[in-house]
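Enquirer: Line by line, the protein sequences give chains A and B.
In case it helps, our numbering puts the first sequence at residues 1 to 113.
In case it helps, our numbering puts the second sequence at residues 114 to 228.
Derived from the structure by calculation, the hints contain no laboratory data.
It is possible that some hints are incorrect.
[Stated by the list, open to error] Derived pair list, reagent style DSS-like, types lysine-lysine, alpha-carbon separation capped at 25 angstroms:
#: 1; chain 1: A; residue 1: Lys37; chain 2: A; residue 2: Lys5
#: 2; chain 1: A; residue 1: Lys54; chain 2: A; residue 2: Lys71
#: 3; chain 1: B; residue 1: Lys216; chain 2: A; residue 2: Lys37
#: 4; chain 1: A; residue 1: Lys71; chain 2: B; residue 2: Lys181
#: 5; chain 1: A; residue 1: Lys5; chain 2: A; residue 2: Lys68
#: 6; chain 1: B; residue 1: Lys216; chain 2: A; residue 2: Lys54
#: 7; chain 1: A; residue 1: Lys68; chain 2: B; residue 2: Lys137
#: 8; chain 1: A; residue 1: Lys5; chain 2: B; residue 2: Lys137
#: 9; chain 1: A; residue 1: Lys54; chain 2: A; residue 2: Lys37
#: 10; chain 1: A; residue 1: Lys71; chain 2: B; residue 2: Lys216
#: 11; chain 1: A; residue 1: Lys56; chain 2: A; residue 2: Lys71
#: 12; chain 1: B; residue 1: Lys181; chain 2: B; residue 2: Lys216
#: 13; chain 1: A; residue 1: Lys5; chain 2: A; residue 2: Lys54
#: 14; chain 1: B; residue 1: Lys216; chain 2: A; residue 2: Lys56
[What the hints assert, rightly or not] Not everything, but these chain A residues come out facing chain B in the computed CB check (under 8 angstroms):
#: 15; residue: Tyr39
#: 16; residue: Gly43
#: 17; residue: Gly106
Bear in mind that the values here come from a model prediction, so they are computed numbers and not experimental data.
Built from N, CA and C at the ideal position, the CB exists for glycine as well.
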Amino acid sequence: DQQVKQNSPSLSVQEGRISILNCDYTNSMFDYFLWYKKYPAEGPTFLISISSIKDKNEDGRFTVFLNKSAKHLSLHIVPSQPGDSAVYFCAASRLTGANNLFFGTGTRLTVIP
Amino acid sequence: DAGVIQSPRHEVTEMGQEVTLRCKPISGHNSLFWYRQTMMRGLELLIYFNNNVPIDDSGMPEDRFSAKMPNASFSTLKIQPSEPRDSAVYFCASSLWGTDNEKLFFGSGTQLSVL
Numbered sequence: 001d002q003q004v005k006q007n008s009p010s011l012s013v014q015e016g017r018i019s020i021l022n023c024d025y026t027n028s029m030f031d032y033f034l035w036y037k038k039y040p041a042e043g044p045t046f047l048i049s050i051s052s053i054k055d056k057n058e059d060g061r062f063t064v065f066l067n068k069s070a071k072h073l074s075l076h077i078v079p080s081q082p083g084d085s086a087v088y089f090c091a092a093s094r095l096t097g098a099n100n101l102f103f104g105t106g107t108r109l110t111v112i113p
Numbered sequence: 114d115a116g117v118i119q120s121p122r123h124e125v126t127e128m129g130q131e132v133t134l135r136c137k138p139i140s141g142h143n144s145l146f147w148y149r150q151t152m153m154r155g156l157e158l159l160i161y162f163n164n165n166v167p168i169d170d171s172g173m174p175e176d177r178f179s180a181k182m183p184n185a186s187f188s189t190l191k192i193q194p195s196e197p198r199d200s201a202v203y204f205c206a207s208s209l210w211g212t213d214n215e216k217l218f219f220g221s222g223t224q225l226s227v228l
């Protein structure tokens with residue numbers, strides 16, 4: 001059973017515009033959320049994270065928003081750049097207990113120059 | 114640091130053959146994870162080790178899959194016998210448990226094709 005879901009397999013955005021990637025989770029025990037970015041032929045790399053005590057975390061052009069009541073998080077990229085074209089994975093874990101991450105199926109972002 | 118090193122990068126084999134995937138984690142990391150990436154399920158955790166000890170192998174799909182970590186610098190994932198449905202990208206990742214352990218460092222993966 002998929003505990004972390006990314007319902008949009010792909011997204012295309014014009015360069016300079018905002019990219020919004022969405023993620024939903026079902027396990028209310030999750031309290032730490034991450035986004036990973038993956039280029040072709042490479043492994044995923046950590047991008048940004050947020051703990052459940054916050055509802056927003058910002059790092060440069062990347063901002064993650066968390067809505068705990070809706071069990072939903074989103075990643076905003078502003079402005080989008082062609083180099084942002086990649087697959088983005090949402091992941092969740094519990095800060096205490098098992099140190100494994102549960103990943104979504106990924107969203108392929110294409111930024112059109 | 115060289116990062117997490119996986120070998121081979123690509124593996125093509127025939128159904129029924131044994132396949133062994135290898136991983137060298139980042140030096141000093143004490144947690145190691147094996148993930149499988151498929152279109153339908155994304156990144157699935159197969160097994161993870163803390164200090165070379167398997168902690169959770171509930172994600173291993175069948176008895177055909179086995180993983181070992183004989184020392185802190187090496188791990189293998191073996192599939193015997195392999196089947197076409199095992200075709201996927203297999204990632205190894207490591208982290209330092211007790212710090213930012215959720216921030217996994219991934220290898221480049223092994224693309225496995227079972228014909």
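Enquirer: Each hint should be assessed against the structure and marked as holding or not.
Expert: Verification of the hints:
1. A:Lys37 with A:Lys5: Satisfied, since the Cα-Cα distance of roughly 16 angstroms is no more than 25 angstroms.
2. A:Lys54 with A:Lys71: Status holds; Cα separation ~13 angstroms.
3. B:Lys216 with A:Lys37: Roughly 12 angstroms between the alpha carbons, so the hint for Lys216 of chain B and Lys37 of chain A holds.
4. A:Lys71 with B:Lys181: 36 angstroms, violated
5. A:Lys5 with A:Lys68: Given that 25 angstroms is the threshold and the Cα spacing comes to 15 angstroms, the pair holds.
6. B:Lys216 with A:Lys54: Answer holds: Lys216 of chain B to Lys54 of chain A is near 18 angstroms, not above 25 angstroms.
7. A:Lys68 with B:Lys137: 37 angstroms, violated
8. A:Lys5 with B:Lys137: 30 angstroms, violated
9. A:Lys54 with A:Lys37: Roughly 22 angstroms between the alpha carbons, so the hint for Lys54 of chain A and Lys37 of chain A holds.
10. A:Lys71 with B:Lys216: 21 angstroms, holds
11. A:Lys56 with A:Lys71: With a Cα-Cα distance of about 14 angstroms, the restraint between Lys56 of chain A and Lys71 of chain A holds, given a limit of 25 angstroms.
12. B:Lys181 with B:Lys216: Given pair Lys181 of chain B, Lys216 of chain B holds - Cα atoms ~22 angstroms apart, limit 25 angstroms.
13. A:Lys5 with A:Lys54: Holds, at about 21 angstroms.
14. B:Lys216 with A:Lys56: 18 angstroms, holds
15. Tyr39: 10 angstroms, violated
16. Gly43: 3 angstroms, holds
17. Gly106: 5 angstroms, holds
In summary, the structure is inconsistent with hints 4, 7, 8 and 15 from the numbered list given earlier, while agreeing with the others.
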